[in-house]
Amino acid sequence: MLNVLLWTPLAAGLIALAVPRTASRWVAALGALVTLVVAIALVADFDPAATGLQQVVDESWIPDLGVRYQLGVDGISVFLVLMTAALWFAVTLWSALRNEPGDGRAKLYYFLVGLAGTAALGAFTAQDLLLFVLFFDLMLIPFFFLIGTFGGLNRVAATTKMIVFTLVGSLLMLVGAIATAVLASDISGELTFSIPALQQTLLSDGNQAWIFCFFAAAFLVKMPAFPIHGWMPDAYRAAPLPVLILLSAVLSKVGAYGFLRVALPLFPDATIEFQEVIMVIALASVLYGSVMAFTQTNIRLIVGYSSIAQLGFITLGIFSLRVDGADGAVLQMVNHALVVAGIFIVIAIVYARTRTEDIREMGGQAMRAPVLAALFLVLALANLAMPGSANFIGEFYILNGVFQSKIALAFIASIGIALAAFYSLRMYQRVMHNRLPAGAESREIGLRDGLVLAPLVAAIVALALYPGLILDRGETSVTEKVSAVQAADDEQEGLIARR
Amino acid sequence: MDVSWYLVLSALLFATGACGVLIRRSPLVILLCLELMLNAGNLALVAFSRSNGNEEGQVFALVVMVVAACEVVVGLGLIVAMFRRRIALDVDEIRELRG
Amino acid sequence: MDFNAPDIDYGGLSPIIALTGGLVLTLLAGLVGGSRRRQLIVVSFFGLGTLAAAAGLLIWQWGAHANLVAGALRLDDLAIASSLIAIASAAFCIPLSWREQAFDRPLGPSNHGEFQALVICSVLGMTMIAQAQNLISFFVALELLSIPLYVLCGAALRRESSLESGLKYLIIGSLGSATLLYGLAFVYGAAGSTDFSGIRAAVGSTVLDDPLLMIGIALAATGLAFKLSIAPFHQWTPDVYQGAPTPVTAFMSVATKAAVFCVLVRFFDVALGPAAGDWQPALAALAAVSIVVGNVGALGQNSLKRLLGYSSVAQAGYMMVGVVAFSVSGVSALIFYIAAYALMNLAAFAVITIRERESGFGDDIRSMEGLARERPAVATAMTIAMLALAGLPGTAGFIGKLYLIEATVEADYTWLGVMIAVGTMISLAYYLRVIAVIWMRPDSERAPEAMPAIAGASQEADGEVTGANCKLILGLTFLAAAA
Amino acid sequence: MSATTWSWLVLALPLAGSMVIAFGRAAMPGRVPGWIGTASIALAFACSIGALLALLDHPTDERQLTDSLYSYADAGGLEIQLGILVDPLAVYMCLVVTGISTLIHLYSLAYMDSDRGYARFFSYLNFFVFSMLLLVLAGNFVLLIVGWAFVGFASYALISFWYRRETATKAGMKAFVINVVGDIGLVFAAFFVFRELGTFDFLESFDAARDTFTVNEGVVIAICLLICVGAFAKSAQVPFHTWLPDAMEGPTPVSALIHAATMVTAGVYLIARMWPFFELGPTAADIAAFVGLATLLIAATIALAVTDLKRIIAYSTMSQIGYMIMGVAIGAYVGGLFMLLAHAFFKALLFMAAGSVIAAMANNQNIDRMSGFRRAMPFTSALLLIGCLALAAFPGTSGFFSKDEILAFAADRGGMYWIFAIGGYIGAVLTAFYAFRIGFRVVTGPPCEEAKELEQGHIHHAEPTNPATGEPEDAEVGFPGAEHHIAEREWPMKVAMAALGFGALFIGLLQVPGVDHVLSTFLAGTFEESPLFHIEPTVGDSWLGLAVGGSISVIGVLGAYVCYVRRPGVTVRLAERYRRLHAFLFNKWYFDELIDALVYRPTVATGRFANSVFERYVVDGIVAGATGLVKGAGSVVRGAQSGLVRGYALLLVGGFAALGIYFLVVAN
Amino acid sequence: MVEVAFFAGAIGALGGAIAVIALNNPFYSVLALIVHLISLAGLFLLLHAEFIAAAQIVVYAGAVMVLYLFVAAYVGGTEEPIAQAIPGQRFVAPLLAAALFVEVSIAVVGTSLASIQTEGPVIEAGFGSPGSIGRLLLERFLVAFEAASMLLLIAAVGAIVLAGRKGTGTSASGPGVPDVDRGEIV
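Chains as they are written, first to last, in this note's numbering: chain A, 1 to 499; chain B, 1 to 99; chain C, 1 to 483; chain D, 1 to 668; chain E, 1 to 186.
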């Protein structure tokens, strides 16, 4: 099943290259739909109580390097997979419905989107460290083209900046991954990149530390985290909106996911050692992202900086090294993805009416477009983690985790929540409320956009009613990861005590 | 006479040749300097052949002579071609390719 | 005086014999009269036939481990692999050169087969050097490899830049050769033998860490580093790559590296193996410098050939890492990387050649503008080649770097692995720039549509050849991607 | 049906009403949405009575019922049920909320008739009631926070209901953000509770708290203070009160709803609900009481000076809530909740009357412009005066009995608590005065132009303008409605006001010292275990307090009579004499400016700094530095590539020289 | 006696070398090189390399140098300008050359290899004679020998490619090849 899930987007993309231009978008949409159906089946099939991986695919790939084609899902990834599949379908369908891009480059577009889909799903399902790194980096290539070819002003510079920036981290990660396997083979005598196998042979503290730093660099850049988010503003400004949805909603999560999947289980001692450093970075991201979102006037950047803040929260949750914090982080990853996707769709819709992305030049959309306003309102409220939304439960879990482990950080982080309320509402108001500026028109959301946006909002509402859906399934796996770290912690304390 | 004397002489010749390559501007003379360096090598080879008591070094030297001759032939060919194209025979003038 | 004829394993020697014979045959075939086109067909037939025969014989010998001709040569998988790479790039270079104007001029060489003969001679040198087992065959094979290249670089007589590159290559090359020779002389002097096995025995026992040996190694390393365009001995590379006719550049960038790295492995890892502790840090430093210098030098270059010249400096640095690792995995990583590098670099040069003839911008990066629209297949090939050179995942370049980094970690040279990563980061800036030019129109204006009228006229005639080339390139690059 | 089932119905009905109106909006002609909204709340009220009756069937000590719909989130050791707690306090609040809200809905039915957002209005209004009910019925901290935030959102939506007004949207934002601060306080209180007691459930945590905490333990005080942050933000206590006056940007019925039935009373409810914590942390309770006292005095003084009719009433709310907070904080739970009930009646009434007057004034809210409506609007005037009487705690009215219950309790506890009693009486004078500042200015005096026009049977018309800034309303959209509706002409308004007027006068009789004690008997189910609950002033003391309070109220009313009827203009002269004091009061003690300077501006400045300096020089600087380094290295490399072959040779030889040195060094 | 011969040869070789790089006229430089080569041949003789010495005189000083002389005469002697393209090269170059010499000398002096410090081991008669060299060439170094011959062949081909004039006019324009002068693009 995972094989089908993983390769369908790429296959659809390749077919889209082959068929006539008018048909390619529907081929791609169909492929995304199939992926989504498989992903739903995956979730339905998922056993929340079982520990370890499910649906494992395990084939030998590069035997002399010990690299395996090993896939699997657990409670952490299963909903990220579903989220990815859903957003991929949403974006593909949206582009197809809007017939974008209408010119000869359409085939290329759908191919790239498909390739990116496979890469993203691969990153979420890979259970081999090297396979993970490979998919992690592979994601960048389609995005490089998507932004560079279909983007807006300064797209080439922006896309180059993005890719160089993010690769700085992930190439270090590659070195780190190889070092992990090789050093572990010195201990265990067998060269393997399989994450579950590597978990059995942990490296020495010193090695864990530098490898952890390499991995952290990759993940933090990808998120992005303060102060290495320099690529974000340019990329967000230049990216076409469907692509931006994928970039912001899915790609940023891979970084956070990587911490849970790789850093915690493989480098528990380093995780403890760097817990406070990472938490401080995350906290700085929360505050900086919030403050910046508070002052931006470009609506994309508001969302962009708010994503920095949100990802900061997620990282905080993971590095609280508590089950509740990490479980909340998993939930929050899905939540944030859905919300960001919705907001970007709204931005596209509004842009079609106002021809601007500057919130100072927007306004007054709500009157003629109450449905759009209502949908956007739900999105904005979810974005600010309004209690009653799943985002709130996510942040509640995260903050509780942080609170119980580092109380001061939790209090400081709460400033981010207050600021989130401000910037989210400000964004909503400046778009929907106040007066309609001259030259802008206002009309109700169209059927094509509605078909995509409404289900997204429905999903957000549904999750709000029952966040336990994700939390329950994530719990077992998260507990595994966190207890691995706690075990290492206990061991360290034991050592100290013995001395 | 110790073999090391020959070696020191060969080093001196090699250095002289290298110096010539570095300071002369006529490609023709540079080729001559390269000959000097190869000959220094030959002297070293023959000297080592003597000190080692086997003749492999001498065979090597013989091959080097062939190589030197071939390099000269090609080098001179290039010089002639350049001369025909009215290109100044001064390596400092030949710097279209750079950066 | 008794004379013991050496025992010759003709099976093992057959590829070299085939190349030698083919070389002569090709030269003779050039004497056939008729139109230029007919001559071209005949000599190309012989040239490619020679290469095909040699390749076939090599593949036939796959798995053999034989000492040939009194231990002067040794045929093994390492030699066969690098010889095959050299032959493949030569076979690739000959069709590329078909419409190369440099060889089609009254002033330049005619189609009497000189071009093919020179290429085959160089391949012969490469095949020999890959098998060399003593210093003398090593040195003579190196010259056999180099001298035709000097000629080929300067062969586009109508272009001053070609002559310039030929002369520069010759002068610096001979300087390198002289240095190498001097070094080999000292190694011979210290070890008392010209055979690699004899040297290994001596180094392992008596002369380890002897200054005489050390200075020999230093001199030889300098000479070899020059051939491999390892910084700081790389400076000829960009100039020669840019000035030489593009097919020649393509050939020498790939084939030389394959062959010389092969002998580097034999010389350092085998003959000087016992002294590894001494030379490893030096070669590691050279590799690191090379990675940095090559990558930063390539930034901001407008000539694609020059860009690839610098990039090959960096790539040589990556490959050097495989030698530094001084392990089986290092060597296999090296061979894999060279094979991958061959594919991607040849593809890139093929595209450059095509665009040189079509666009009117020569090898300037502007020649790539609008490629995605005009020739999506070629554009895709170039893109994959660039991505592979950059080592992005999904390409052979990525796997190659993977192996290399793994070898560094095993050899406790992890910092070199980090250097590879750092170099790759820098390299993205220029590889991606090429891709950006291909696919992404600048904001301000559309790409200049004005192709010289002349290109339009020539396109028809080129169609058939370039069409074939395109398929070849695509095939190659997809291979590269799939690996 | 059990009490919990009734309670679920109480929750479901307003939500259903809200959704039906929202989704069926397009299909509903005329006043249909209004009727649906009103009916759903009325039904909820009926269900509340059902819950009351069902609860009364239980014995007093078994009146705390819980029920859960499903497990909302249960992972990582945090168990969160979608559960309610039905006890006398909750049912009491339900009755107040639904009862008053029904009347407000009924009033709005007519009042909002011509507004373009009629359906939206009722949808929000129902949602508001739903949120408040969720808040009071919540059985654990998480659900409480959800309800808490929903209330905040609903208030936001309604305050910025006329969203084309920038002042309205800003006011909405202010209300929301301040409320979020309150939410955060509650969230952290919940975290503390969870950390110490391991549960989010109310009853479980109350039980555990008694066993775990000692009195005035640091953690308890922290919990209580964090709860107070939430309570103060919602109940507009100093310093979180600035949103409340601005909230007057919303339509008048919204003000009635916020001030009377929902929202601001939530803080009072919360402190009463959390009494086990507050009794374990008396220091925190005292702090809360002092804040309540400060608020009641500050707000009362401001109410003396501001001129906007609705804002005067708004400050009066602040002041009255200050009493209630003070009450529940010092332990006068019944008094505080009693006052909540009474206040709900008369404050709703006051706003409705004010709405009617403002409609007659064609949306002009300046009290200085109003005068002499007694003939033009006899019904409105009468009920306005009733409201003022109750607000002034005129003897016999509901305000009279409720306020004095708190003050008598404070006096009875004695010691430090005398401060609260005395402060409360001082506030009472001011209250009576400003209450009749409204009453007399509007009702008595010569009729103003609008009143005269109305006497001729015609409601004044004016170009719709924003009452705050005077800028014309967006003509394209045309709301708030061009038609104005006054109580005299709309029977639903009349019915609603009459019912409220009746309550404002007579609801105080529910709990008269020495006569009856309906409320304390009923609420005993919740507060039984509280020692403070059982402190009760003697009947004599209570009546003494009532006498003092009554006379103070009369003095205040008389003062107002003198200033505004007998000798109008004296206040103007006073204001001129004490110009700086007046300006200080008129500008609301400069709290807005203070918060602006302390919170908003620094944040914006930080953002600007981050944007223009940090982002540019540090974040981009990292990039620029790295690329600059690489580019610099590149130009060095390219510079060395001089094209001069002898230069290359030089480097080659030099490179060898370096390599040679290395090898000679490693040689032995 | 050997010492005298060595120093004579050394002075000749070194003097010739210095003259090569010091003389301004390439023609004289070539002549100086011949002196150098002949002196070197003498040294080879001292080292018992008779065949090499002979080859040095015949092949090198004879044939190759004649080629040089022809070319030098063909292109003419040009005086080199004084101006330096790379400032300081004139001074840096001898320094580097000196460094080169010093490094190699250190190695030669510092080596622990005993045979260097002697005249070399006792050698049997016929060492370095044409016969023994020839046998080595045809037995152990057959490959190198053959390769050297290929090298000569290809060098000749290369020289023709580079310097040869087009004799065959047949290839000027054949059918099927568009004889449009496209001009050099680069």
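Simulated from the structure, these hints should not be mistaken for lab results. Hints may contain errors.
What the hints assert, rightly or not - Have a look at the derived ranges for each label pair, beta carbon to beta carbon:
no.: 1; chain 1: D; residue 1: G625; chain 2: C; residue 2: T206; range: 29 to 39 angstroms
no.: 2; chain 1: D; residue 1: G625; chain 2: A; residue 2: D47; range: 26 to 36 angstroms
no.: 3; chain 1: D; residue 1: S114; chain 2: A; residue 2: R435; range: 37 to 47 angstroms
no.: 4; chain 1: A; residue 1: E273; chain 2: C; residue 2: A285; range: 51 to 61 angstroms
no.: 5; chain 1: C; residue 1: P281; chain 2: A; residue 2: E276; range: 49 to 59 angstroms
no.: 6; chain 1: D; residue 1: S114; chain 2: A; residue 2: A44; range: 37 to 47 angstroms
no.: 7; chain 1: A; residue 1: E276; chain 2: D; residue 2: R616; range: 20 to 30 angstroms
no.: 8; chain 1: A; residue 1: A438; chain 2: D; residue 2: A462; range: 24 to 34 angstroms
no.: 9; chain 1: E; residue 1: V109; chain 2: D; residue 2: V623; range: 32 to 42 angstroms
Said to hold, decoys possible - Cβ-to-Cβ under 7 angstroms is the rule here; a few derived chain A residues that face chain D:
no.: 10; residue: D58
no.: 11; residue: D205
no.: 12; residue: F294
no.: 13; residue: T295
no.: 14; residue: I412
no.: 15; residue: S414
no.: 16; residue: H433
no.: 17; residue: A458
no.: 18; residue: G468
Predicted model only: the values in this text are computed from it and were never measured. Positions of the beta carbon are idealized from the N, C-alpha and C atoms, including for glycine.
Going through the hints against the structure:
1. D:G625 / C:T206: 29 to 39 angstroms: violated (53 angstroms)
2. D:G625 / A:D47: 26 to 36 angstroms: Given about 51 angstroms between the Cβ atoms, the range is violated.
3. D:S114 / A:R435: 37 to 47 angstroms: Violated: the Cβ-Cβ distance is about 21 angstroms, outside 37 to 47 angstroms.
4. A:E273 / C:A285: 51 to 61 angstroms: violated (32 angstroms)
5. C:P281 / A:E276: 49 to 59 angstroms: Since the Cβ atoms of P281 of chain C and E276 of chain A sit about 37 angstroms apart, the hinted range of 49 to 59 angstroms is violated.
6. D:S114 / A:A44: 37 to 47 angstroms: Violated - the Cβ-Cβ distance for S114 of chain D and A44 of chain A, about 52 angstroms, lies outside 37 to 47 angstroms.
7. A:E276 / D:R616: 20 to 30 angstroms: holds (29 angstroms)
8. A:A438 / D:A462: 24 to 34 angstroms: Distance hint for A438 of chain A, A462 of chain D holds at roughly 26 angstroms.
9. E:V109 / D:V623: 32 to 42 angstroms: violated (54 angstroms)
10. D58: Because about 29 angstroms separates D58 of chain A from the closest Cβ in chain D, which is outside the 7 angstroms limit, the hint is violated.
11. D205: violated (28 angstroms)
12. F294: Where the cut-off is 7 angstroms and the nearest Cβ of chain D is about 5 angstroms from F294 of chain A, the hint holds.
13. T295: holds (3 angstroms)
14. I412: With Cβ-Cβ at 12 angstroms, over 7 angstroms, it is violated.
15. S414: Hint holds; S414 of chain A Cβ to chain D Cβ min 5 angstroms, cut 7 angstroms.
16. H433: holds (4 angstroms)
17. A458: Check failed: Cβ of A458 of chain A comes no nearer than 13 angstroms to chain D, outside 7 angstroms.
18. G468: Since the shortest Cβ distance to chain D is 5 angstroms, the answer is holds.
In this structure, the earlier hints numbered 1, 2, 3, 4, 5, 6, 9, 10, 11, 14 and 17 are contradicted, and the remaining ones agree with it.
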